[in-house]
Structures are given as C-alpha cells and as structure tokens.
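In the order they appear, the protein sequences are chains U and W. Each residue of the first sequence is one higher than the one before, starting from 1 at the first, in our numbering. Each residue of the second sequence is one higher than the one before, starting from 1 at the first, in our numbering.
Heads up, a few of these hints could be off.
Only pairs whose alpha carbons sit at most 16 Å apart, straight line, appear in this in silico EDC-like list of lysine to aspartate or glutamate [said to hold, decoys possible]: (1) U/K75 <-> W/E98; (2) U/K75 <-> W/D42; (3) W/K137 <-> U/D70; (4) W/K143 <-> U/D70; (5) W/K210 <-> U/E89; (6) W/K67 <-> W/D44; (7) W/K49 <-> W/D228; (8) W/K141 <-> U/D135; (9) W/K49 <-> W/E184; (10) W/K116 <-> W/E63; (11) U/K75 <-> W/D189; (12) U/K86 <-> W/E184; (13) W/K195 <-> U/D135; (14) U/K139 <-> W/E184; (15) U/K139 <-> W/D189; (16) W/K67 <-> W/E95; (17) W/K249 <-> W/D81.
No lab work stands behind these hints: they were computed from the structure.
Listed below, chain by chain, are the residues.
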Amino acid sequence: MKIYGGGKIFVGLIIFIGLATSPFLFNIGKSSIVRDTKAAEIMQSMGLQCVEKKAFMLPNHMRLLDKWRDSVVRKGNRLYKASDGKEYEMSLQNTCLNCHSEKNETCNACHSNMARKHTCNGCHNYMAVNPYCWDCHIKPKETKS
Amino acid sequence: MSMNRRDFLKIAGISTIAGIGGTAIVGGLQKGVIEAAQTAPDTDTLTGKKWGMAIDMDKIKSEETLKRVTEACHRIHNVPDFSNTKDEVKWIWTETFEHSFPGQEHQFMPDAIKHKPFLLLCNHCDKPACVRVCPTKATFKRKDDGIVMQDMHRCIGCRFCMAACPFGARSFNYRDPRTGLKPEEINLDYPTRTKGVVEKCTFCRERLAKGLQPACVEASNGALVFGDLNDPTSEIRRILASKYTIRRKPELGTEPNIYYIIGGSDYAVVPEIK
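Chain W on its own, in the form it takes in the complex (with noise of 0.2 Å):
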C-alpha cells in the first residue's frame, strides 16, 4: 500500500481529533453523574469572615481553669497523650510569659504575670506561614471564614508546617494516636488522626457548623471570648476597642488572630456601640 504524504497527514489530523473529542465527551457525561447533586453549609452554622479569639489572662485565676479549657479541647477531639514531651500532640497548651511572647519581658515586670501560664493555641493567621509552605495544599486557609485547616487526608508529614509556624502551634503524630488514648474516653463522634501526619486547633469548625461556640470558649468561663473579628460590632472587636491587647510575634508580620488581654482588670461590662 502507497500513501502519499498528504494523505497521511489528513488521516493524522482526524484520529487526533477524534480521540481528544472523543474523551472529552465521554469524561463530560462522567462528571454530570455527581455534579448533580447539591452540597450546602449546615443551617446552623455560624457565620464569620475572621474568626478571633481575645483571651482575658486576668480571669484565668487557677491552674484548674486552664486544666479544664485544654481537657475540654483535648477530649472532644480525641488529642492522645503520651505523657512525654517528645511525642506530645497538643491543640492548646500553657506557657511562660517569657516563651509565649519573648524579647517582651524584663526584670522587674510582676511577678504574677512573669510566672502566670499563658493559654497557647493556633493563631489562625491572616497570612499564615504553614500555609505557604505545604507542598500539598493540605494546610489551607479557608477563604469563607479565616480558619487555619488541615485536610488530614492530604498531609504526607513532611513536617515543612511545623518548621515554618513561629508558635509551635503544630504537632507531629510520631505514633499512633490510638495508643495514646483510653478506649473508653474516645468521642466517637469525632476521627482520630493517624501516624504520620501533622495537627493542631482547627477552631472547632465542626462546633462551629453546629452552631456551637469552640469547646475551649465553653469551658473557659468567659476568659476566652470568640468572635468575627470582621464585624465591628460583635462582642470581640468591642472588648478589642475598649483594651489593651498583645499578640504573639507580631513583629513577624503573619497576623496573628489570638488577642491576650493583660491587665484588664474586669470587662465584665462589654461596652456598648456609640
């Protein structure tokens, strides 16, 4: 058989075209199958463009108050403990004045606020630095509402989140999770996390889309206070307003959104909106 080079180059050019069409239908009918179907937010979710949260450190009065916050955290999201630092996983967690926020302190501060233990968690930043080094998108800001996520399903534990955060904010399954937590004390409600992947606070977003405040927030008495940091008049930007507050690390330029509220005194009265 002759075929000049004409010929060949028409025959060519048509089985090209016939094979790119002929996918793109066939994987377009595929897709409809699903597409069809229709994903909404809860009813009850809470709404918020900035979540942020203000931690008044004068109403954290006992050890046992900050015993209880990190429990209630800890227990609802099924953080396992290996009573040994090295493998510690933590979601919220206490440290010095001088660790939480250094190059702040100086010799003749109080002691009461040298030596007091300060609630720690993720500081959900507005430019968060994990989130520019995840080499697999699974740490993510979420664009509806500010929180710092991580899609467990997605994280290969290249550790690059845990190098980057300034706060230490995140933690590294070295074992598995499972072995670090009493059968019994389980929520069965809620996944565990497997070895070899990283975590931290996801600010209850699953509270959240239940309408719930975060499980810390409920615990705390009303030392910690949870809200839109977007909305001027909700109940955080009036107390921000009206107190002096500190972040962590500012000087870092990642935004932080957890406020700590240092000698307040009392706020008991949030102030109204002139």
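For reference, chain U alone in the conformation it holds in the complex (with noise of 0.2 Å):
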C-alpha cells in the first residue's frame, strides 16, 4: 500500500500528538495536590477531624451539604450523627467554616498560611469549580490563592 505524501503526513501526526500530549507528558510525576496522609493522622491526634471521614469527604462532601440542607431547610432536623457517632449541627456557615477557615487558630499557630491552603477556595480554584455558596452564606475573610 503507497500512501500518496506518506511522509509528510506521518512526520505532521507525529508533531501533532506531541504537542497535543505535551502538557501531559511535562507534568509526569508531578502533582500540583499534595496529597498528606500523615497530616490527617497528626491532625486527629490533635483533635481536629472533619464531621466525616477525609477520605469520603473529599469526593462526597458537596452531596453531604446537599442532604444537610434539604434536612434543615424542609424537615428542621439540624443534628447530623456522624458515623463515629458523634453530633454535629448541620450548618455550613456555623460549623463548617469553623475549621475550614482562613482564621483557624489551631492550623496558624504553626503554619503561616496552612489554613487557607486546606479553605474551600484552594481547592477549588485548582479543580476550576465556582460554587456560589458565598452568595448567601457569609464567609470568613478568605484571599484568592
């Protein structure tokens, strides 16, 4: 079989999917997420731990605050039970932003500026997501990163 201009062709294929890749191939073994598990360990040591699990958290917790919301807004039940057992009222704006906040004491007394890395906003912006909670729900102070 003769491909009419065959290399030519070829030799263009073979700069498209290079360029095509190349921010892939450069970001190869880098994570731009530093993903710590031992901070979750050293923080539940300290005291500090979300209403749930971080690993359920991460992915799920915008379903959480849908089920909480539905929960206070049309039934009036405010007290989540944990899995842990443990209970919570549910309020995004009164125990969420408790910790996930910019001012989180705990976090700064350490770190100059670990809180807002772990706040909605710093992962958010990275997985380009604009939830308009804020809208409504007052935040704590909080810099775009």
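Fit chain to chain and form the complex, with the hints in mind.
What follows is the structure, encoded as structure tokens:
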C-alpha cells in the first residue's frame, strides 16, 4: 500500500501528537495537590477532625452539604449524627467554617498560611469549580490564592 | 453474519434487562454512602403543630416599641435597608388600620385605632396562596409546625408568590442585599440572601430550633405572644379564648395565623384553664 505524501503526513502526525500530549508529558510525576496522608493522622491526634473521614469528605462533601440543606430547610432537623456517633449542628456557616477558615487559629499557630491552603478555595480554584455558596452564606475573609 | 428475528429479539431483551438491572444496582450502592448517617431535630427545639401569634395592639404604646421589634428582626436576619420603597425588603413592618384590614374601617371609629400603626408580618396561613403558585416548590408549608418556609436555594425569582400573597408579606431582592447592609452590623451566624430571590418572615425557625422565641416576640415586652394554636392549654389559645381578635382578610380563605387583639385593654392575667 502506498500513501501519497506519506512522509509529510506521518511527520505531521507525530508533531501533532507530541504537541497535544505535551501538557501531560511535562507534568508526569508532578502533582500540584499534595496528598499528605500523615497530616490527617496528626490532625486527628490533636482532636481536629471533620464530621466524616477525609476519604469520604473529599469526593462527597457536596452531596453531604446537599443532604444537610434539605434536612435543615425542609424538615427542620438540625443535628447530624456522624458515622462515628458524634453529633454536629448542620450548618455551613456555623459548623464547617469553624475549621475550614483562614482564621483557624489552631492551624495558623504553626503554619503561616496552612489554613488558607485548606479552605474551600484552595481546592476549588485548582479544580476550576465556582460554587455560589458565598452569594448568601457569609464566609470569613478569604483571599483568592 | 445472519440472524433470525427470534434470536435478535432474545439478545435485545437480555441486554435491556442487564442494562436496567446494572444501573439499579450501581445507583443503590451509591445511595447507601450518605444514607447511612442520620439526622435529628435539635434537642432544645420548641415543638408545636401550628405556630401562631397574637398581637395586642393596646400594649404597643409607642413608636419606639415598633422600631425595637422591627429592628430586632431585621438585624438578626440581615435584612437590608435601601431607604427607598421600591427596593425595600421587609419581614415585619407597619401599616394603618385601613390598609391592614381593608373594608373594616368606617368614618366614626376611634382615632386611636384609625391612625395607629399595625404591626404586620407573614401570616403563615393554613392554606397559603404563595405555596400553591410556586413553580419550583421553593416556598412550602412545613408539615411538622406549619411554618411557611422558603428554600432560597430553589427560588428562581419568578415572583408568582408576591402576586399571590394578599398580605404583601414578600419582598424581592432587586439589588444585591449586601450593598444595603452595614458591614459591621452583619450577623455572621445567619446568611444573607442573593440578588433575585424572594424573602419573608420565617417565624425565626432558626431560633425555635434553639429553644428561643422569635426575635420580635422577645423584643416586644409581652405585646406579641407566640405559641402553638393546636394546643388548647397554650398561652396563646387561652388569650384567644378570652379576648375578641381579628385577622387580616379572613374572607380570602387563606386562614391566616396572626391574630390582632383590639381594645383588649389588658390581658395581663392569662386566664386559667377551667
């Protein structure tokens, strides 16, 4: 089989594939989000823990918040019994933001901007999601990082 | 490849069942993730089947009382003040007798009543017109306690509820409410609203959940009485049983739950149950 102008076509294809995959090739082995597994253990030992485990919260926090919203607004149930048996008030503004805030003193005591890194924006900016929670709910001051 | 009609239908049928069954199983598994945890009402919650309020107009003696009551409400709920009636957002406000109870005024009535500002708020009707017209079920009547609630997350700002409400209890956010609030006065424990949603009084459901009376009642020095209309032994029921009261526009059949005591002089002693 003979391809007319085959040489040009294949060279072009190789260049194209090279260009198209270059962002992935450059970033092989680098991850901009550092998943520090030790941090979770240390925080737990200090008594700092989220309502559910981190492995659950990372992919499911939006579903949890959705359920909280329905429960509080529509049913008037405001207490959340976590899977470890602890009870929390279901409130974005008054429960979540107590820790997930730039003003978290426990984190800021040792790390200059630890708290900021772990607030909503830290991840949402990276993932390019813009939830509009803050149109109504009042967040503590947080600068775009 | 050749296939007869019978074989084709068999394969098609099996793949349909596999497809539907597969999604059902996957969906069922995902649901379990959050359902496992449980929710419950706050332990301090005031419980009532049908919240209502009695307003004793004789006990509201000065403009200051009215101002204190409205400000108490508007401050804790971050209700903006734009100082113009077009953009006004109000949860509790005042109006003359003629405008509050149209058709019941007459030329010989006492001036004291005719010119008295009446305290108005959402009536939390038994048959709320706003709930019937809401296309997204953003406003709804809570089954447990009868509060006509708003889910701001669902409101699309169509304003049908504003047209339907005969009491003018609903306000639209024509402007970003945060521009009408002083930053130092914002209550950080309560959200604001966003531009383009309708809002109104919620009978302080967030305070009821903590075992507190509504903010207006607390600030009124006993002029406003809040309670469960379903409980014959409650303070409000005993007051309603002993004093003559009127409601706003009862002829419309929405069954409002705010009662006005006019000329009650003093019910200071809540009558005992016989």
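Consistency of the hints with the structure:
With a C-alpha separation of about 38 Å, the suggested pair U/K75 and W/E98 falls outside the 16 Å cut-off, and the hint is violated. Between the alpha carbons of U/K75 and W/D42 the distance comes to roughly 12 Å, so the proposed pair stays at or under 16 Å and holds. In summary, the hint linking W/K137 to U/D70 is supported, as the alpha carbons are separated by about 12 Å, within the 16 Å threshold. At most 16 Å may separate the alpha-carbon atoms for a hinted pair to count; W/K143 and U/D70 meet this at roughly 14 Å.
For the suggested pair W/K210 and U/E89, the alpha carbons sit about 11 Å apart, so the restraint of at most 16 Å is met. Between W/K67 and W/D44 the CA atoms are separated by roughly 29 Å; this puts the pair beyond 16 Å, and the hint is violated. Annotation: proposed proximity of W/K49 to W/D228 holds, straight-line Cα distance about 6 Å (limit 16 Å). With a C-alpha separation of about 25 Å, the suggested pair W/K141 and U/D135 falls outside the 16 Å cut-off, and the hint is violated.
Proposed proximity of W/K49 and W/E184 is contradicted: the alpha carbons are some 37 Å apart, above 16 Å. Distance hint between W/K116 and W/E63 is fulfilled; the C-alpha atoms sit about 10 Å from each other, no more than 16 Å. The hinted pair formed by U/K75 and W/D189 fails the criterion: a straight-line CA distance of about 20 Å is larger than 16 Å. The straight-line distance between the Cα atoms of U/K86 and W/E184 is roughly 34 Å, outside the 16 Å bound, and the hint therefore fails.
Between W/K195 and U/D135, the direct Cα distance comes to roughly 8 Å. Compliance with the 16 Å bound is thereby established for this hinted pair. Restraint check for U/K139 and W/E184: satisfied, since their Cα atoms lie roughly 14 Å apart, inside the 16 Å limit. With a C-alpha separation of about 10 Å, the suggested pairing of U/K139 with W/D189 holds against the 16 Å cut-off. Of the supplied pair hints, the one linking W/K67 and W/E95 holds, its CA atoms being roughly 13 Å apart against a limit of 16 Å.
Distance hint between W/K249 and W/D81 is unfulfilled; the C-alpha atoms sit about 28 Å from each other, more than 16 Å.
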